[in-house]
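Protein chains in written order, with this note's numbering: chain Z, 1 to 609; chain C, 1 to 609.
Treat the hints loosely; a few may be bogus.
[Unchecked claim] Per the computed footprint, the stretches of chain C lying under chain Z, defined by three or more beta-carbons under 8 Å from a beta-carbon of chain Z, are: (1) 129-143; (2) 152-161; (3) 292-303; (4) 588-601.
[As the list claims (entries may be wrong)] With a straight-line cut-off of 30 Å between C-alpha atoms, the simulated BS3-like cross-links for lysine-lysine are: (5) C:K250 to Z:K250; (6) Z:K168 to Z:K575; (7) C:K374 to C:K527; (8) C:K410 to C:K400; (9) Z:K75 to Z:K410; (10) C:K587 to Z:K168; (11) Z:K587 to C:K168.
[To be verified] Residues from chain Z that keep clear of chain C, each with C-beta distances beyond 12 Å, as calculated: (12) G20; (13) N87; (14) L471; (15) G485.
Derived by calculation from the structure, the hints in this document are not laboratory data.
Treat the numbers as computed from the prediction; the structure is a model and nothing was measured.
The beta carbon of each residue, even a glycine, is placed where N, CA and C say it ideally should be.
There are 2 protein chains.
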Amino acid sequence: MYQVEIRQGSRIEKYSVPSGYSLFRLLKEKGFYMDSLCGGKGFCGKCKVRIVQGDISKGRCSPDEAGHLSFVERKEGIRLACRVQINEDLAVEVPEGIQRDAAILVEGKGDVVLNPRVVKRYVELSNPSLDDQASDVDRIEEVLGAPGRLRPAALRGLPETLRAHDFKVTAVFFDQDIIAVEGGDTSETKYGVAVDIGTTTMVGFLIDLTTGQQLDVYSAINPQRQYGADVITRTDFTLENEDGLALLSKLVRDEINNMLRAFCQKWAIRSDMIYHMTVVGNTIMMHLFAGLPVRNIAVSPFIPVIARSFELEPWQVGIDMCPSGRITILPMVAGYVGADTIADILASGMAERDELALLIDIGTNGEIALGNRKEIITCSTAAGPAFEGAHIRYGMGGVKGAISRVRISKHGIEYDTIGGQPARGICGSGIVDVVAQMIKAGIMDTTGRIKSAQEVKADLPDALVSRVIELDGKPALLIASREEGALDDIYICQKDVREVQLAKAAIASGIHILMKEMGVRHEDIQKVYLAGGFGNYIDYDHAADIGLIPSQLRSKVIAIGNAAGAGAKMALLSKEYMEMAECIRNKTRYVELSSHPDFQNVFVDFLPF
Amino acid sequence: MYQVEIRQGSRIEKYSVPSGYSLFRLLKEKGFYMDSLCGGKGFCGKCKVRIVQGDISKGRCSPDEAGHLSFVERKEGIRLACRVQINEDLAVEVPEGIQRDAAILVEGKGDVVLNPRVVKRYVELSNPSLDDQASDVDRIEEVLGAPGRLRPAALRGLPETLRAHDFKVTAVFFDQDIIAVEGGDTSETKYGVAVDIGTTTMVGFLIDLTTGQQLDVYSAINPQRQYGADVITRTDFTLENEDGLALLSKLVRDEINNMLRAFCQKWAIRSDMIYHMTVVGNTIMMHLFAGLPVRNIAVSPFIPVIARSFELEPWQVGIDMCPSGRITILPMVAGYVGADTIADILASGMAERDELALLIDIGTNGEIALGNRKEIITCSTAAGPAFEGAHIRYGMGGVKGAISRVRISKHGIEYDTIGGQPARGICGSGIVDVVAQMIKAGIMDTTGRIKSAQEVKADLPDALVSRVIELDGKPALLIASREEGALDDIYICQKDVREVQLAKAAIASGIHILMKEMGVRHEDIQKVYLAGGFGNYIDYDHAADIGLIPSQLRSKVIAIGNAAGAGAKMALLSKEYMEMAECIRNKTRYVELSSHPDFQNVFVDFLPF
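Let's have the full structure, built from the sequences with the hints guiding it.
See the structure below:
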């Protein structure tokens with residue numbers, strides 16, 4: 001047995017664990033919250049911890065981790081918890097990450113606010129007799145007191161449940177409603193699922209609503225993707241095909257059912273013990289999930305059917321959970337600022353503080369929010385999915401074999417891949433690195449034009465000049481080659497740079513216009529929250545260099561990971577957070593960039609690097 | 001054109017109508033309430049009115065009416081409204097019948113309490129623009145004010161409805177919920193249906209919820225009947241067949257859908273404009289309709305799954321009405337005192353008065369209630385369906401060709417049939433007549449033994465002696481014969497008398513025990529309400545003679561017709577009546593006769609006539 005001391009914020013605990021035990025598993029079991037997209041498989045690189053004490057703190061790491069850790073991180077003893085086996089006494093520091101989220105996921109602490117809408121009560125009822133002929137429903141409702149009323153769907157199995165368990169049963173409340181009656185004492189067993197439906201990726205979290213612990217994570221490609229990489233293509237699909245809406249709805253619902261099935265199998269849970277699901281995503285994703293037409297979101301003036309939060313019963317969307325359970329769709333702001341942004345804001349905590357904060361969520365679209373406890377303004381930028389690797393010639397998502405870090409120096413080009421595997425393509429953080437360094441090295445001018453080998457020959461070392469080649473008649477930069485062990489020759493071409501340029505100009509314009517709308521300057525902004533997986537990986541200096549983040553705010557950037565998912569979890573764990581989400585919607589104003597008088601000019605101004 | 005003056009209670013109206021116009025139609029159109037089971041086809045004999053002035057007041061009537069009107073009635077100018085064509089100036093008196101019900105069904109009167117849970121509001125919304133990007137739901141909810149929230153099922157068609165009607169729409173509220181949004185101004189078009197699911201007969205009423213008018217009546221045999229004439233047989237069917245419960249549920253739901261289809265076709269109504277349905281019936285019928293198991297109602301201690309009122313959404317029971325509409329099942333008292341009894345009590349008004357009243361509903365079972373505004377006690381008697389003609393050798397329901405009146409005199413036996421048609425069998429009122437007069441005439445002794453021809457030969461005129469014959473070795477009385485024009489030889493046999501004897505003893509015992517429980521005497525009871533179709537037809541003197549009604553209460557009997565159906569209509573028309581139904585449940589206590597210490601003795605005491 002080894003002694004492991006774990007610190008997260010003010011929480012310090014010591015545990016004895018057997019040799020070879022997974023640090024990731026220990027942290028999960030003990031309720032230390034870490035964001036993890038891949039569930040501990042070493043893909044996502046999110047479960048970073050600092051080994052403060054122990055031999056393995058000396059900068060060694062497994063090949064799996066290499067692509068996720070910078071040189072500095074390695075030197076500071078940062079490791080991926082999922083890759084650490086405990087084979088000595090350790091002291092570990094777990095970053096607080098999304099601090100509020102961490103707080104609620106830790107049980108038994110002073111700052112815990114575990115207050116789910118699902119509550120269970122075990123009751124022992126008297127047996128019926130000729131002197132007490134109360135109906136089954138009266139019998140149970142009387143004991144539970146006035147507010148609780150049994151939902152009709154919970155009635156059918158009731159007589160048998162009561163009689164099979166000698167009238168000792170557990171009532172499951174959702175708010176005031178009794179949504180199920182279960183035999184015996186099951187009061188400690190209740191589950192919820194938080195789902196983030198991204199345009200590209202869907203992530204689900206299985207939460208134990210008794211302890212507040214996150215038990216599991218499931219992620220999958222959004223199966224709608226085969227009908228279009230972005231929301232506009234998918235919207236068109238629903239307009240051009242009579243059953244298009246039904247089909248896209250079914251795809252995402254089926255994938256959620258796959259998720260629930262996986263959770264239930266792995267954790268030996270009956271699907272009807274999942275009582276509550278919170279769902280976030282952009283407004284079109286929320287509409288498609290609910291089966292609502294998206295036609296009017298796609299065309300000016302971009303009107304959604306619904307933007308407030310709403311609740312569905314599982315049967316309405318064919319989700320395999322407790323039949324009388326609830327599915328809560330978090331509130332949205334507008335057609336292009338969705339429940340994911342509200343969840344981001346919720347998870348960041350910016351809506352409760354006096355300090356002014358900027359939040360940027362770069363996913364398939366780029367949403368921006370600026371504000372504090374008084375007011376928040378938001379906008380959506382047509383940033384496109386360039387930073388997710390889409391529309392980039394050799395682009396790919398942040399999965400194994402993706403080039404995630406690039407260093408251009410006089411010695412040539414070095415890169416890291418995720419999982420340390422042979423390079424297959426380049427993901428968002430790698431693209432940002434390349435573009436920033438191409439300018440710095442003089443391979444590209446500030447208008448975004450890649451120079452030809454002829455032009456750079458005089459100024460650059462040969463190691464670089466040899467990599468500037470021509471692709472389709474235009475200059476391009478060879479990042480990795482088969483000769484050097486990559487699975488393919490991987491270039492950044494002129495069109496790739498233009499994609500990045502359009503995307504970063506869109507985001508920078510959005511930030512600029514929001515700041516102007518609110519009448520604030522860079523120095524007024526205290527924090528910049530970077531939400532989304534992308535924010536975890538990119539080099540902030542490089543992002544600032546290319547103008548994706550205003551360089552004045554560089555030092556204020558905090559990556560908050562999958563904040564949308566964290567917000568969905570918070571709304572699941574506590575009524576108060578759900579109410580907070582409603583409040584955020586109420587205080588949030590949407591700024592339509594497409595019709596903003598300044599937008600065209602600002603956008604053009606921001607195009608150069 | 002003829003002048004017709006119509007009086008109902010304090011309401012007096014004059015109308016000009018074209019020659020040949022149906023009096024029934026006029027009364028319905030003008031909102032004069034009459035109970036009518038057959039919808040004006042001349043079968044049910046319920047739409048009795050008194051012609052006060054006009055040639056047709058002189059006692060003439062059509063052959064159709066003959067079986068429904070007594071000699072005295074004919075002399076007093078009573079006619080069936082559905083058989084009267086207006087071919088002269090008339091003055092007509094419409095009985096108040098179920099007076100409270102009549103009151104609410106009359107529009108624009110001081111005593112109208114039309115307050116349905118369905119309310120419509122027409123709104124003209126502003127069109128969306130880039131300056132007003134509110135979602136469709138926000139747009140409509142904002143105008144309608146805070147309390148109204150759109151139900152998810154109403155969302156899908158919303159964007160198209162709004163845009164197809166230039167954002168001029170009608171919101172349909174059910175309580176606080178917005179259950180539908182309709183294009184244009186439909187605020188005057190709203191319908192509800194009240195349904196009485198009897199063990200034998202189902203009756204539905206189509207109500208215009210804008211005017212409170214009853215538009216139509218539909219009646220049908222309960223299709224479950226093929227699986228058993230009484231609730232016990234049907235319960236057994238659900239226990240012995242795996243899909244039995246589902247099958248019986250489906251049968252009654254299908255018949256309700258038939259009803260709705262008939263209403264919609266006849267009145268050119270879209271099914272989604274039927275927003276609310278109230279349902280009454282005995283507890284087992286309510287369970288079968290809702291798809292709830294009835295196993296425990298059938299065996300001691302006779303526990304229903306649910307006895308309080310509850311609401312279903314149409315999809316839950318596959319009913320073809322407004323998808324977000326509601327189906328309200330009225331409250332029940334116990335396993336054998338159901339929503340029909342609560343509705344009877346509601347319609348009688350006995351729960352709001354100080355005077356003590358007795359209510360008897362003789363249908364397939366016999367339910368009895370005793371009480372006033374302070375408290376009500378109820379019981380159920382296993383009276384069986386003898387008075388509906390079941391278990392009677394030549395028994396039949398109250399349809400065309402049934403012997404409904406019998407007179408035994410020294411000249412022999414005379415009878416009337418419903419519709420004046422050749423006799424096919426004998427219905428409940430005829431059976432009561434026969435049994436009462438067999439005793440009076442000395443054909444039967446007070447123990448219920450029919451005397452043989454030998455025994456009566458000395459005392460009776462030949463015209464009667466010739467009718468006392470032997471059937472299966474036992475004495476029987478020939479009521480009608482083929483020789484005299486009947487379709488069959490129709491007898492009352494010994495077993496028939498025993499059935500009547502058991503039924504009347506059960507009801508009389510129930511009355512006796514309730515009175516004893518409450519400590520009241522006959523003279524304390526001010527009114528006796530006879531609910532159910534049977535109560536409309538029987539001769540009260542004969543009913544008292546055989547001991548079905550205590551003879552001391554004979555003069556206090558008031559027939560209130562299908563009071564269960566009337567109560568369902570009241571709950572549909574007004575929230576207050578629905579609340580009243582809840583109050584009735586709260587003040588009503590159930591007395592279990594099967595375990596009552598006095599029951600056996602009392603029952604035996606009441607067996608003799």
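So, going through the hints one by one against the coordinates:
1. Given as covered by chain Z, the segment 129-143 of chain C passes the check, having 10 residues with a CB less than 8 Å from a CB of that chain where 3 are the minimum.
2. With 7 residues bearing a CB less than 8 Å from a CB of chain Z, the segment 152-161 of chain C meets the requirement of three and the coverage assertion stands.
3. Chain Z is given as covering the segment 292-303 of chain C, and this holds because 8 residues of the stretch bring a CB closer than 8 Å to a CB of that chain, at least three being needed.
4. Counting residues of the segment 588-601 of chain C whose beta carbon lies closer than 8 Å to any beta carbon of chain Z gives 4, which reaches the threshold of three, so the coverage claim holds.
5. Simply put, C:K250 and Z:K250 have alpha-carbon atoms about 28 Å apart, close enough for the 30 Å limit, and the pair holds.
6. Distance hint between Z:K168 and Z:K575 is fulfilled; the C-alpha atoms sit about 29 Å from each other, no more than 30 Å.
7. Simply put, C:K374 and C:K527 have alpha-carbon atoms about 16 Å apart, close enough for the 30 Å limit, and the pair holds.
8. Restraint check: the Cα-Cα separation between C:K410 and C:K400 comes to about 28 Å, which is no more than 30 Å; the hinted pair holds.
9. Distance hint between Z:K75 and Z:K410 is fulfilled; the C-alpha atoms sit about 24 Å from each other, no more than 30 Å.
10. Of the pairs offered as hints, the one joining C:K587 and Z:K168 holds, with about 29 Å between alpha carbons and a cut-off of 30 Å not exceeded.
11. Between Z:K587 and C:K168, the direct Cα distance comes to roughly 29 Å. Compliance with the 30 Å bound is thereby established for this hinted pair.
12. The claim that Z:G20 lies off the interface holds: its Cβ sits roughly 50 Å from the closest Cβ of chain C, which is beyond the 12 Å cut-off.
13. At the 12 Å boundary, the C-beta of Z:N87 stays outside the reach of chain C, the nearest C-beta of that chain being 54 Å off.
14. For Z:L471, the requirement that its beta carbon stay farther than 12 Å from each beta carbon of chain C is met, with the minimum near 41 Å.
15. Its beta-carbon lying about 52 Å from the closest one in chain C, Z:G485 satisfies the requirement of being farther than 12 Å from that chain.
When held up to the earlier numbered hints, the structure conflicts with none and fits them all.
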